[in-house]
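Protein chains: 2
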Amino acid sequence: MGIKYVYDFGEGNREMKNLLGGKGANLAEMTGLGIPVPSGFTITTEACVYFSENGAYPPGLEDEISKHLDSLEREMGKKLGDADDPLLVSVRSGARVSMPGMMDTVLNLGLNDESVEALARQTGDERFACDSYRRFVQMFSEVVMGVEGEGRQEGKLFENAISAIKEEKGVTMDTELSASDLKELVGRFKEITRKESSREFPTDPKEQLDLSIKAVFGSWNNKRAVDYRKLYKIPADWGTAVNVQSMVFGNKGESSATGVAFTRDAATGERVRYGDFLINAQGEDVVAGVRNTEPISKLSDEMPEVAGELESIMETLEEQYKDMCDIEFTVEDGTLWMLQTRIGKRTAAAALKIAVDMVGEGLITKEEAVGRIDPDQLDQLLHPQFDDGAEYEVVARGMNASPGAAVGKVVFDSNTAESKEESGEDVILVRWETTPDDLHGMVASRGILTSHGGKTSHAAVVARGMGKPCVCGCDSLRIDEEDRRCTIGGHKVKEGDVISIDGTTGRVVIGPVSLVEPEVTGDFDTVLSWADEIRELGVWANADTPEDAARAREFGAEGIGLCRTEHMFLGDRQPIIQRIILAESTEDAGDDLATLLEIQRKDFVGIFEAMDGLPVTIRLLDPPLHEFMPDATDLEVELAVAKERGECSPEEIEEKECYLENVMSMVEANPMLGLRGCRLGITFPEEYHMQVRAIMEAALERKAAGGDPRVEIMIPLVSIYTELEVLREESEQIIEQVFKEKGTRIDYHIGTMIELPRAALTADEIAKYADFFSFGTNDLTQTTFGFSRDDIEAKFLPLYLRRKILVDNPFETLDVEGVGKLVKMGVELGRSTNPDLKVGICGEHGGDPRSISFCSDAGLDYVSCSPFRVPVARIAAAQAALEKKAKS
Amino acid sequence: MGIKYVYDFGEGNREMKNLLGGKGANLAEMTGLGIPVPSGFTITTEACVYFSENGAYPPGLEDEISKHLDSLEREMGKKLGDADDPLLVSVRSGARVSMPGMMDTVLNLGLNDESVEALARQTGDERFACDSYRRFVQMFSEVVMGVEGEGRQEGKLFENAISAIKEEKGVTMDTELSASDLKELVGRFKEITRKESSREFPTDPKEQLDLSIKAVFGSWNNKRAVDYRKLYKIPADWGTAVNVQSMVFGNKGESSATGVAFTRDAATGERVRYGDFLINAQGEDVVAGVRNTEPISKLSDEMPEVAGELESIMETLEEQYKDMCDIEFTVEDGTLWMLQTRIGKRTAAAALKIAVDMVGEGLITKEEAVGRIDPDQLDQLLHPQFDDGAEYEVVARGMNASPGAAVGKVVFDSNTAESKEESGEDVILVRWETTPDDLHGMVASRGILTSHGGKTSHAAVVARGMGKPCVCGCDSLRIDEEDRRCTIGGHKVKEGDVISIDGTTGRVVIGPVSLVEPEVTGDFDTVLSWADEIRELGVWANADTPEDAARAREFGAEGIGLCRTEHMFLGDRQPIIQRIILAESTEDAGDDLATLLEIQRKDFVGIFEAMDGLPVTIRLLDPPLHEFMPDATDLEVELAVAKERGECSPEEIEEKECYLENVMSMVEANPMLGLRGCRLGITFPEEYHMQVRAIMEAALERKAAGGDPRVEIMIPLVSIYTELEVLREESEQIIEQVFKEKGTRIDYHIGTMIELPRAALTADEIAKYADFFSFGTNDLTQTTFGFSRDDIEAKFLPLYLRRKILVDNPFETLDVEGVGKLVKMGVELGRSTNPDLKVGICGEHGGDPRSISFCSDAGLDYVSCSPFRVPVARIAAAQAALEKKAKS
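Keeping their order, the protein sequence lines are chains W and B. Heads up, the first sequence is in the numbering used here, so the first residue is 4 and it goes up one at a time. Heads up, the second sequence is in the numbering used here, so the first residue is 4 and it goes up one at a time.
Bound-form chain W, shown alone (with noise of 0.2 Å):
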């Protein structure tokens, strides 16, 4: 007997999810637990896996299905294609995650134009069983045979022809089209099938199913599933399972329905149950926004026998699963039927306030509270909303769909998106509703608008899944795409028209709103604090102004991590670096080298006055000098143009030759690896001793106004020890004078960044002349791989990524086969000679979830990252503690 791929839905349970999928799984859990799920059978991901790589059936699969199909038509009564009562099957693709609507289903699979009488005869219903023929032929055309209809835009072959019938009939709805009428479409959608497919439409229902799953599987390497996978990194071998499952009606008359709901509300977290349903519909009807749905809270009128059977069901979820489930129902002739279970996607808030309330509710703990959080997802909340005090007219409203504000130029598709993104443009997406086709769109744009759809609309659900800001549904949206513009509340609006949306209370503006940054409150505070009470990890900022520092403490930070001080000679400080930089010698550059001091001074005492008793870690100066000054080639064209034009004197061209030789002895081949960093320290040592004049001199300012400053001296780009060694002997000689002259002193550090991969090599030696390191993950990156972030990021990286090249882009998640191994190696070198050496990492790697929980595994002491991100990172290093402890 060789593997299994096939399992009845009684054979699994929620924890086999690898093998049968999600949607698989949770069929098999449900059904253990005595809910009631119409029967079926999955066909497992590794017959997927097996399918993708050789384009055939695993051996033995076949028989498989045949036998599975056998017991369900045993189970059920009926047989597939019967003349006299017909099993109809749906055919669902389910990945080991859900990947809403990037995969193909088929529905009321088993109809032909024998089954069709027989479904009419047992239901008594001709007119229902000839729609649910009609779309049967219309989804298998498109899903398994390739005819492009509804829903791809690129044609519209059968929505046409339904268009063309209601004429012919003088009717305007499709309700109103006859039993005879939807037999006369099918035989027309089967005419467009066999044109466009120089196929003839197959009556057998076996090879349907055959055919069905094929396509199912083939769907898992459709360009919109690749596209999604690339996304949120799914894997491309994981396959998806198949299930078959026996077909129940939500659109046999009004006593049937079908719905969605999540067991919370997916937006807020609050503990009510949220969703929508439609009387007399199949799913796919709620799903698509094709038809304005119900909220759930008025299922119990309707039908309230069903909505306790459904309350109940929802509760034994939540007690089973232990999270927000999300959950897809069918009421089939007043019998409810649960077609889909699995843990509820969610807004960021709505993760919070679910976590927070499940421990209050004791159904989990602290630890699993603070686990189940989606570091990344938490950015959203760290998102800008409509400034409070900013004056704007909300011209329209629509649904709350996804958190956050946006402000962007109006473009009405997802090419357009895309290009205007490219060119650095901010856009909103304005749709009428969006396909999984407009992925790429979504992602471009910085928010979202849709005329149609509800907050479980397609848009809604990937707009939340991205952090994006969504307003849906907004009705008195209209547009005219091939005009390129549309009105919004009545008001003329053109593709390139700012306008504004807030998509937390689903607000829309025509023009610009100035956004403010959001704070962390709440439920996320109380998050946060379980997760300072778990981690290991510090978590710092990068910040190089009091006002970043002071933001960066709010969210958390515990430390100023790299505090860059080149960007305090820019701006009108500008021209006394230049004057410095150009000075023959000291005594030139003495008056510019003592303002600057005063400058700098300002500078940390307002830093060291933010993080009074926090650690602030100041780099010395680090880019190459040219950087301060003028670019040398427009230097040499304005050259070229005075000499042209004749209207300067020979001495003014000779300033000018002068200095655009002055300028050009500073270009570099290579900048990123040139004089910079420790080697300007040592070259030029005044700038260095300025600095840690200014530093030294302010932290004893603000311990005299009775501060408690925390003076870590970072000095950037060491490659050996011996600059190390030099640097800080020099810099402990002023701190010493400094000392001197205010008859004081304080305790100090004095540390390196390590961002060279010989530093890491000789951490061992550096450690010796170090208090600390500090991982510079972005230059070492760079190096370690010998990219230069800006050359590559727009010449090859993109095409490294699509062809998997690369897996990842290094410069946003840390490399840990290459550029991890020399962290680790330098965390252990550096520790081996100096074992009270403080480590941390500064790179943008220090925000980046994956990253920190490479940083715990390594041993560092501290992540440092943006402000914003504080937050983020507090969660992923107590997840990586989590990971860690569960580990040992």
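Bear in mind the hints are in silico, worked out from the structure with no lab data behind them. Quick caveat: nothing in here was measured; it's all calculated off a predicted structure.
BS3-like, lysine-lysine: derived pairs with alpha carbons at most 25 Å apart:
| hint | chain 1 | residue 1 | chain 2 | residue 2 |
| --- | --- | --- | --- | --- |
| 1 | B | K807 | W | K771 |
| 2 | W | K325 | W | K369 |
| 3 | B | K771 | W | K807 |
| 4 | B | K824 | W | K824 |
| 5 | B | K771 | W | K824 |
| 6 | W | K236 | W | K824 |
| 7 | B | K495 | B | K423 |
From the structure, some residues in chain B lie toward chain W, with a derived Cβ separation under 10 Å:
| hint | residue |
| --- | --- |
| 8 | A635 |
| 9 | T636 |
| 10 | E639 |
| 11 | T725 |
| 12 | V729 |
| 13 | D794 |
| 14 | K798 |
| 15 | D818 |
Non-contacting residues of chain W with respect to chain B, defined by C-beta distances greater than 12 Å in every case (computed):
| hint | residue |
| --- | --- |
| 16 | G13 |
| 17 | D66 |
| 18 | E162 |
| 19 | K172 |
| 20 | E424 |
| 21 | R487 |
Using N, Cα and C, we set each Cβ at its ideal position, and we do this for glycine too.
Dock chain B against the given chain W, drawing on the hints supplied.
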């Protein structure tokens, strides 16, 4: 009892060089062999190190010196400064390795106004005594009291005093001055010293001794010594020993003499005694080249007995040292005294001949012979010689002091030599004679020409050590330094005129002579063949043309480790590659690609032919594309000027703008880390495909012609294994296609360069797709340090070396601690997944002996270097194998 700091000559032996210095250890050795050596003692290098660090003698040293002095006085039956029978001593430096003339010496120490009278009485030669006293006062004043004098050029106070007294006395020669004239001169000298140093000349001989010892210790850190150490990579913490030895006098009349000699010819290696002597002179007169010397072969004419004794001592020394020795001797009143011996410096040719001869004589083994060759020095044999076919007039002849020929502009001082060399000019340093202060000028020159001094003069010894051509003692050279001109053989030459010299023959030519590259023959070949028997590392060459490949093969290269294909795209081929780069599509580039394919195939056929039967590693296109394009700044200036002039039509302007935009789009912030190497191959596959096809078509063409091409295709700049995976697959497809087209196949290998840290760190993954690794240590050094070679060598590397932040230039000698760690890691990881992996190095380090030793330790299979370095690498590889054997 503390540390022993002073050793009598009887207490040591030649193994104790580290402690006693070379001179001290060898004096002890000779004393032990019963060879006549004037008695004395050695103060250890440890005492010097202590003195350098603390500015004072170590505790106990003063006592020890005092005791050893007592015992010396007892042994000699004389007392320092004694009014009856005074002991005179010399105080000489002596480091572990010889540093000729770099440190200070004091002779005739012990003389004062009293003891000089006693010396006169004892020797019955008042003039001799007074002359000795005069010399002592001058030397002591210069060396110990810091009064500048002869040989320093800055001042000539003592020389002027001598001239003045000669004028007063109406004489022209020093020797015409009487004893009382000399006494008067001593008085004047003391007056000069008092004035210049503001101190009295010390009359107490013990104070003289103490000050002299301290001065010699101090001279370890004088500028010349520090420069010399830097040049020869001698650690600063070795220190120098000080030898205090009783004086003997070669200037006591016609039965006295002094001389230096080598036991074999230091220039050719021939088995003849080689050197110079002077009757009635002190040793310094010989070395300084002040008087014209007699060849040592003449000694038997003048002093047959002494000559016989000397011959037998030289015999003994060669027996004992099993090497060619360099000796200094003095004959005092017919008695021979040995003042020094050491292993003699020699030209590379002499080193080879001596090694080969001594193996023949049974003195040493082949391994010892190979082990004692300095591979770096061999480079001088690979220097150019006058072209035999060239027509030129020899206007003068001097001594063939250091072999090789040079062409350059005449300069008359070292500072000018240095500054002209820095501005890219070839210079010949033309001097009366060089002094240790000329070291930097000699380094800067292509060759050295002097009018005075013999083969053991300063210029000759130092030039041989440096491997610079040198012609010495050219009588017909008359220099007018002030007017910046000279005559050579009667021809007028001014500074900046070009001359040619041949240090192998002593010829001097006015104007340039065309030079030819040398071949490896005779003893060199013999030693190389022994080296080949010993070595384990393969020695390959980097060569880009059939000519280079042929030369490399002549020099013994066993393969081509790096054939750069980008050089093949320059010259008249550049427009073709430019058109390919600017083509919008592969179709547009089709014709040009086909042209380039033809050209490349021919290139490769030539190289395969030259290296028939040996591996040829061809690297696919590596540099960033903009290197093939004109400079963007130039274009921008051109465009601005064109617009300003208004002479171009709008169409021409637009065309220029479009072209500029194209070129600008290729400009990168850090091209070293940008779109180059395999990244090009992935982004624009057609160039790589063309190259792979050209290589294989060439190989099959050679095979069809009966050749044996060994194809190794090398893919550069891999940092991720997937890059190699993809490119290997594409290459294999093309190769299979070529095989199919030609109906035949050959073996081939595909490998990669390991030249980025990440490649070394993930070598286990990469090795799965590589047949070989070649460490590109130039780029690996750049990325490991974060050093852009183009930028740092001019900007801060010299400072880093001067301040000892770096000990070596890591682009010359492989950085074992950092880059070396990556190399070792790369080798180990690579072989862990691919045990058959062939591993080599093709960076410039492949020709550096110390780096070759590291490569041997790291387990590499071969090194690849420039063709001229191949013989050097063969010797270095053999020595590495010997070291390895010695260690195991």
